[in-house]
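Engineer: Given next are the chains, with one letter for each unit.
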Amino acid sequence: MAELLQHLLNGLVLGGTYALLGIGLTLIFGLMNVVNFAHGEFYTLGAYVCFAALALAGADFFVALVAAIVVGAALGWLCEVTLLRPLRNESIDTTMLVMIGLWIAMQNAELLGWGGVAKSIPHPFPTAPLVLGPVAIAPLRLFVLALAAALIVASWLLIQKTKLGRAMRATFQDRDTAALMGVGISRIHAATFAFGSGLAAAAGALLGPIFLVYPSMGDLASLKAFSVVILGGLGNLPGATLGGLLLGVAEELGAGYISSGYRDAVGFVIIILVLLFRPSGLFARQERIA
Amino acid sequence: MLAVDELAVRFGGVTALERVSFQVRPGSITSVIGPNGAGKTTAFNAITGYLRPTGGRVTYDGTSLTGLRPSAIARRGVVRTFQKTSVFPVLTVVDNVLTGLHLRGTAGFFAVLAGRRRLVAEERSLAAEASAIVDFVGLTHRRFEAAGALPYGEQRLVELAVALAARPRVLLLDEPGAGMTGSERIVVSGLIRRIREQGVTVLLVEHDMRMVMGISDTVIVLSGGRVIAEGAPAAIQAHPEVIRAYLGASAGSA
Amino acid sequence: MIRAGGWLLAVAALTLPFWLQSPYHVHVAIMAGIFGVLAMSLNLLLGYTGQLSLGHAAFFGIGAYASALLTLKLEWSFWPALAVAVALAGIAGFFIGRLALKLRGAYFVLVTISFAGVISLISVNWIELTNGPLGLPGVPAPELGPWSLRTKTAYYYLVLAAVALSYLVCRRLVRSRIGRALVALRENEALAESIGVDVTHYLVLAAVVSAAMAGLGGSLYAHYTRFVSPEVFLFTYTVTMVIMVVAGGKGTLAGPLVGAVLFTALPEALRAAASWQWQMLAYGVVLVLLVFLLPRGIVPRLGETLAGRHSAAAVAPAARH
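Residue numbers (my numbering), protein chains in the order written: chain W, 55 to 344; chain X, 99 to 352; chain B, 3 to 323.
Heads up, a few of these hints could be off.
Quick list of simulated restraints, FRET-style, between CB atoms [as the list claims (entries may be wrong)]:
hint	chain 1	residue 1	chain 2	residue 2	range
1	B	HIS27	X	GLN181	54 to 64 Å
2	W	PRO140	B	TRP128	57 to 67 Å
3	B	LEU10	X	ARG291	31 to 41 Å
4	B	GLU77	W	GLU144	35 to 45 Å
5	W	ALA56	B	PRO139	37 to 47 Å
6	X	ALA336	W	ARG220	51 to 61 Å
7	B	ARG106	W	LEU62	35 to 45 Å
8	B	GLU77	W	ALA111	57 to 67 Å
9	W	GLU57	B	LEU136	50 to 60 Å
Keep in mind the hints are simulated off the structure, nothing from the lab.
Bear in mind the structure is a predicted one, so any value in this text is a computation, not a measurement.
We put the CB at the ideal spot given by N, CA and C, even for glycine.
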């Protein structure tokens, strides 16, 4: 029983970050209809920014996280404006190809810039695990879980309570009416992409210290993000959150009880099964947004 | 004969069609009219397999069409056109029609790979048929132009040609006159009559009353998802229920 | 004019090993040929039915592993192993084809990637079968009667035959009623259905042929490099195939071949100048630029320039003769 709880806890830590990836992508894929294969690259970017901040600049963890989010969001904004805006009326296949190009370019730029050797991010937390009853958790992981939860809540609040969030929801529900009401559509698209990319970078910065950082880490992250989005239903924030947590837990349980070699297969299998049997997602609801 | 029996279509809480029954006499031109939202295109979609009816049946010459895929229904001789212009935009007019002749060809995978000589002959005869159909709809002067580049009215003629290429025995036309000028509508009406002369049964949805009354043998009126009247054009024009349906409809129509 | 050019090209291709300066150049030609087969296979799906399969490396890998395992472990001779490899890849294509029926666009892409991902994980983890990450060394060279096709020149002709065969299959399919049905599906599926095109049948057909052809490429690759490892499932192979098709011109017959030659020869030529990471980076940038500047690819643009007017369609229909 303790083992099960341990796996569940580990799964939640992982799942929290998957939820961040998923929330970002569900907005981009679900609402902007952009098949963002480069999503994982922003995740990688976040991890490298965190590395640069902690290992090279010796900064504090919070600063590193904020830096990652800012860099991710800024680059996201830039990409949307230069690459996606001109193609907004093209078919989804065209934007898909452009995002694939971006994916390849970013990953190899990282490979060239940082080298292919995996890096480990030094962190300020003690390594001895905290024992909470039947389970143990490393302080770093607990911290990551707490931050992920905070970011998820912040995202929900942004979408539901702020003017920006309202404008986003309006744009994606009915673009023409929103435009008539004075919403700057281009700005909302750029903001949404920036927001999603920033969250992906945050996920990378959070998971970076737990695992190693290497240029191709984004590939699996992209696919897992898609898996979460499909599971939760496109454009569905609570769905993405739950989906992310589910994926994390499923991976940990699978790795623990079945085989660790196939742990990454969980995300793939989810994509295949859900698309075959319940394409609108497990938690799909009537309306598309939050 | 195309027969629709107690056809019903419901999505969520909305009943789009309810207990719709009618028969289309072979060789006739039958029009389906009704205010916007009456369920006319829904009926077409249900008959031709683009929508699965929640109840009722559609039969053609005794065989059931209900629940079949559109391609299977086309193979049985029931072909439809679409309300929104539907062509293969990057292909030339003649290639559009050639593609439409799909059911007339017999080339299967292995025959194609083997490069059998009879296929060459088949291609030649299909090309000739395509040319003939393009001539029939009056687009000979446009035959090598991309369908997507043509003006609206001519695109709809391409659409008609493609549907004819499938050699329908029953042709369902979804608003063939929509968006057309008066003279274009006269051309289309003439084509419809000539199609009927070739033995094809025509069922059309249309809003332009002059066109409907001018060419139809029978008129069926749908309102609120139900058939409210059926008969000869003159009788329908004077029918009190029909007049009420049109005057009472919130969104006006032609 | 084009016909004469075609004959010239054929003669050049047939005599290529004799006027290339070194075995290295023949190696490049062989790789260009193998990728030509792969690019043509992807083009059948992407260019003609309009479905992007980013898991094409899976079919390539299945062909490579099947062929390698049969010749290594069961000591089969090359030709039956090749046939089985192609068949197995085709069967995998059948399943993907049936999946495509329910899914289109981005979802189909995701499923194909996931499929490739699962197969890749299996090849890494099922060590008893595939030897895991260590791979299978010592894959035997093919034999033709008493001769072993060990030399580069001999292998070149084997690959050339495969390229010719693949091209012929594609050309016959595309310039037929089947090709028209595929294009109809790509351009306007609802309309295609209304004229009797059976979507199931044609999508599955395209997927099976496409996958089988990729399997052929895989087998050729395995017996040339004489080594197969999970690296065949690397996304870089799929990406390279996609670039070749998109740059060369999807939906054309010559496009994938032009793309294959270009993107095999170019990297080799640049190899001295820049590492493969720079190349891949360039690929990414090129892909983005292509979408903006040359969306239909090189071959259609060349065709337009040569013909001196804008052509209506990128497809090769049968009608105009």
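Engineer: Please test the hint of 35 to 45 Å on the beta carbon pair from B/GLU77 and W/GLU144.
Structural biologist: Violated - the Cβ-Cβ distance for B/GLU77 and W/GLU144, about 53 Å, lies outside 35 to 45 Å.
Engineer: Do the beta carbons of B/GLU77 and W/ALA111 sit within 57 to 67 Å of each other?
Structural biologist: holds (60 Å)
Engineer: Go ahead and decide if the range 50 to 60 Å is satisfied by the Cβ distance of W/GLU57 to B/LEU136.
Structural biologist: violated (32 Å)
Engineer: Holds or violated: 35 to 45 Å for the Cβ distance of B/ARG106 and W/LEU62?
Structural biologist: holds (37 Å)
Engineer: Is 31 to 41 Å a correct range for the gap between the Cβ atoms of B/LEU10 and X/ARG291?
Structural biologist: Since B/LEU10 and X/ARG291 have Cβ atoms about 56 Å apart, the given range 31 to 41 Å is violated.
Engineer: Just tell me: holds or violated, for the beta carbon distance of X/ALA336 and W/ARG220 against 51 to 61 Å?
Structural biologist: This hint holds: roughly 54 Å between Cβ atoms.
Engineer: Does the beta carbon distance between W/PRO140 and B/TRP128 stay inside 57 to 67 Å, or does it fall outside?
Structural biologist: violated (46 Å)
Engineer: Take a look at whether the Cβ-Cβ distance between B/HIS27 and X/GLN181 falls inside 54 to 64 Å.
Structural biologist: holds (59 Å)
Engineer: Does the beta carbon distance between W/ALA56 and B/PRO139 stay inside 37 to 47 Å, or does it fall outside?
Structural biologist: Taking Cβ atoms as reference, W/ALA56 and B/PRO139 lie about 45 Å apart, which means the hint holds.
Of the numbered hints stated above, those contradicted by the structure are hints 2, 3, 4 and 9, listed in ascending order.
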